[in-house]
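Protein sequence lines correspond, in order, to chains V and F. Letter by letter, the first sequence follows residues 228 to 450 in the numbering used here. Letter by letter, the second sequence follows residues 10 to 293 in the numbering used here.
Calculated from the structure, these hints are not laboratory results. Treat the hints with care, as some may be off.
To be verified - Now the in silico label distances, taken between C-beta atoms and shown as ranges:
id	chain 1	residue 1	chain 2	residue 2	range
1	F	N262	V	A281	21 to 31 Å
2	F	L236	V	S341	51 to 61 Å
3	V	A257	F	W213	55 to 65 Å
4	F	V212	V	S254	24 to 34 Å
To be verified - Here are some chain F residues pointing at chain V (derived, C-beta under 8 Å):
id	residue
5	L113
6	L114
7	R115
8	P119
9	I204
10	F208
11	P211
12	L214
13	A217
Built from N, CA and C at the ideal position, the CB exists for glycine as well.
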Amino acid sequence: MDKVIIAQNLSLSYKEFETIISKATFSIDAGSFVFITGASGSGKSTLLKSFYGAIEPKQGQLSVGGVKMNRISTSKLNFLRRHIGIVFQDYKLIKEWTIEKNVMLPLIISGYTSDVSGTQVQKLLGHVKLIHQAGKYPLELSGGEQQRVAMARALAHNPILILADEPTGNLDEYSSSVIWNLLEGANSQLKTTVVVVTHHIPLGLNVPYKHFHIDAGNINEIA
Amino acid sequence: MSLTNTFILTRVTSMKSLKNHISLIIALFTVLASVQIYVAVDRTIAAYETRLKDDYSVIVVANKAFIPAEFKSMSSMVERSEPISTTQVLERLKGEMSQKNLDLLRLTLPKFYRIYLNRYPSPNEINKLQHLLQRNPAIERVEGFAQTHDTIYKLMLLFKNVVQVFSVAIAAVTSLLILKEMRLWQFQHAERMSIMALFGAPVWLRSAVLFRLAIVDAIIATIILCLAFFVIDYYGFLITQLKAIGISVELFNFVNDALRSLGIALGISIALTFMIVIFPNEED
Numbered sequence: 228m229d230k231v232i233i234a235q236n237l238s239l240s241y242k243e244f245e246t247i248i249s250k251a252t253f254s255i256d257a258g259s260f261v262f263i264t265g266a267s268g269s270g271k272s273t274l275l276k277s278f279y280g281a282i283e284p285k286q287g288q289l290s291v292g293g294v295k296m297n298r299i300s301t302s303k304l305n306f307l308r309r310h311i312g313i314v315f316q317d318y319k320l321i322k323e324w325t326i327e328k329n330v331m332l333p334l335i336i337s338g339y340t341s342d343v344s345g346t347q348v349q350k351l352l353g354h355v356k357l358i359h360q361a362g363k364y365p366l367e368l369s370g371g372e373q374q375r376v377a378m379a380r381a382l383a384h385n386p387i388l389i390l391a392d393e394p395t396g397n398l399d400e401y402s403s404s405v406i407w408n409l410l411e412g413a414n415s416q417l418k419t420t421v422v423v424v425t426h427h428i429p430l431g432l433n434v435p436y437k438h439f440h441i442d443a444g445n446i447n448e449i450a
Numbered sequence: 010m011s012l013t014n015t016f017i018l019t020r021v022t023s024m025k026s027l028k029n030h031i032s033l034i035i036a037l038f039t040v041l042a043s044v045q046i047y048v049a050v051d052r053t054i055a056a057y058e059t060r061l062k063d064d065y066s067v068i069v070v071a072n073k074a075f076i077p078a079e080f081k082s083m084s085s086m087v088e089r090s091e092p093i094s095t096t097q098v099l100e101r102l103k104g105e106m107s108q109k110n111l112d113l114l115r116l117t118l119p120k121f122y123r124i125y126l127n128r129y130p131s132p133n134e135i136n137k138l139q140h141l142l143q144r145n146p147a148i149e150r151v152e153g154f155a156q157t158h159d160t161i162y163k164l165m166l167l168f169k170n171v172v173q174v175f176s177v178a179i180a181a182v183t184s185l186l187i188l189k190e191m192r193l194w195q196f197q198h199a200e201r202m203s204i205m206a207l208f209g210a211p212v213w214l215r216s217a218v219l220f221r222l223a224i225v226d227a228i229i230a231t232i233i234l235c236l237a238f239f240v241i242d243y244y245g246f247l248i249t250q251l252k253a254i255g256i257s258v259e260l261f262n263f264v265n266d267a268l269r270s271l272g273i274a275l276g277i278s279i280a281l282t283f284m285i286v287i288f289p290n291e292e293d
């Protein structure tokens with residue numbers, strides 16, 4: 228099976244003498260659903276950041292979608308990011324843009340025509356039950372609704388990999404179920420690899436998943 | 010967040026945005042106005058030079074008669090020449106001298122010529138011309154009125170240089186202000202740009218908002234400059250004053266000057282936007 232993420236002796240740190248992830252070796256199969264758990268400050272989000280190039284490996288090798296992340300050039304990083312969908316805990320929506328335009332962002336960046344983008348955005352807003360809110364601005368929506376917009380944006384360009392950082396933290400039950408359904412759907416129907424950083428793995432998931440746990444800088448796969 | 014809060018937030022954001030626009034538009038307008046003032050002063054001085062050239066002439070005293078072509082062959086600066094009649098001088102002396110002496114004086118009196126030039130000469134050119142003319146043995150004396158001429162000419166050059174230095178200084182200081190303003194824009198749009206970067210947007214696409222603002226403000230500044238000069242032209246404050254000293258000049262050409270100003274405004278704003286995009290602040 229193809230590997231989407233391969234890490235060999237990967238160490239991550241923000242400061243010179245403070246290692247957050249230490250010599251981790253693991254891989255993530257294409258089309259798999261993976262949870263990364265760990266205590267607060269264990270390095271879950273830092274690991275996720277390294278997958279989309281927000282932090283460079285301090286030591287070891289990291290490859291995402293066949294792209295080596297060590298000393299990656301800006302153009303290669305942009306290319307990689309155009310094939311990744313990211314969901315953040317704080318949504319990261321552009322507040323000056325309407326919901327519709329926010330969802331359209333990855334399609335604009337990838338150079339799709341407005342016709343194609345428009346159709347795709349309408350479909351996704353339908354999936355996240357926000358079609359009636361398309362013309363509104365992010366600050367006019369609740370936190371749950373904003374996260375659903377962020378989810379639609381992450382799926383807009385049919386990415387090969389979805390990275391989600393605590394996507395349902397602080398969300399109401401309804402919004403959480405919409406998010407998990409979408410992640411499950413993307414994984415089972417589109418064979419998109421999904422990597423979710425979370426404190427708690429939700430009960431009743433309908434897809435098989437792998438579970439990595441971070442403890443004291445070490446990454447262990449839990450069977 | 011309630012709709013009222015959203016409305017207030019939008020209003021506050023719009024006000025801030027408008028304030029930033031006005032700051033950049035005023036700065037760009039100042040640069041354009043200083044350039045246009047320099048151009049207008051240059052044109053006025055050129056027009057004044059033409060007027061001085063028409064009034065200015067060199068006086069030649071010779072011991073034989075010259076025809077205009079002879080003076081022309083001596084220097085390419087000579088446009089035309091005309092003899093100065095001595096009749097008036099002799100008329101004044103009629104009562105004081107006998108007719109015989111007057112006739113004798115008429116015969117021995119040198120020939121006077123007034124030489125007009127094809128351009129307003131610099132003090133050096135006057136000296137050169139004097140030397141050229143005096144090489145001819147029949148020419149006894151050449152009066153270029155260099156002293157008077159030199160003072161006026163130097164005063165004009167001084168005025169032109171002061172305006173030039175003033176324009177350059179304004180352009181430099183204003184460019185720094187524009188740069189500061191654009192850094193503020195970059196800061197205001199930093200969140201949007203960083204989100205776009207997370208989805209792989211190249212630098213030019215992330216910064217498109219800055220370029221769009223810069224282009225729009227450059228166009229607005231040019232339109233304001235055109236309106237300002239239209240008002241000056243319409244009410245004719247300066248034109249009337251210049252006409253009073255015999256100068257007729259176009260202070261602002263609504264095609265050429267407007268296009269040049271638009272080019273300068275776009276050039277400055279786009280170049281400075283490029284600068285902040287390519288060399289972002291280390292704190293960014």
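- request: Double-check P211 of chain F for me: the hint is only fine if its C-beta lies closer than 8 Å to a C-beta in chain V.
  value: holds (6 Å)
message: The hint says 21 to 31 Å between N262 of chain F and A281 of chain V; measuring C-beta to C-beta, is that right?
response: violated (54 Å)
- prompt: Does the CB of A217 of chain F sit less than 8 Å away from some CB of chain V?
  reply: violated (10 Å)
field: 51 to 61 Å as the expected CB spacing between S341 of chain V and L236 of chain F, which holds or is violated
entry: violated (36 Å)
- prompt: Regarding the hint that L113 of chain F lies at the interface with chain V, is the smallest CB-CB distance below 8 Å?
  reply: violated (98 Å)
field: chain V contact restraint on L114 of chain F - CB to CB distance below 8 Å
entry: Violated, about 94 Å.
- prompt: At a threshold of 8 Å, is the proposed contact between P119 of chain F and chain V supported by beta-carbon distances?
  reply: This hint is violated: P119 of chain F lies away from chain V, its Cβ roughly 85 Å from the closest one there, beyond 8 Å.
message: Given a cut of 8 Å on the nearest C-beta pair, is the interface hint for I204 of chain F held or broken against chain V?
response: Holds - the Cβ of I204 of chain F comes within 8 Å of chain V, reaching about 5 Å at its closest.
task: Determine whether the Cβ-Cβ distance between V212 of chain F and S254 of chain V falls within the hinted range of 24 to 34 Å.
output: holds (32 Å)
message: Next item in the hint list is R115 of chain F. Is there a CB on chain V closer than 8 Å to its CB?
response: Since chain V brings no Cβ nearer than about 93 Å to R115 of chain F, farther than 8 Å, the hint is violated.
query: Taking the CB of A257 of chain V and the CB of W213 of chain F, does the distance hold inside 55 to 65 Å?
result: violated (32 Å)
query: Should the hint that F208 of chain F touches chain V count as held when the rule is a Cβ pair under 8 Å?
result: holds (5 Å)
The structure fails hints 1, 2, 3, 5, 6, 7, 8 and 13 (numbered hints given earlier, in ascending order).
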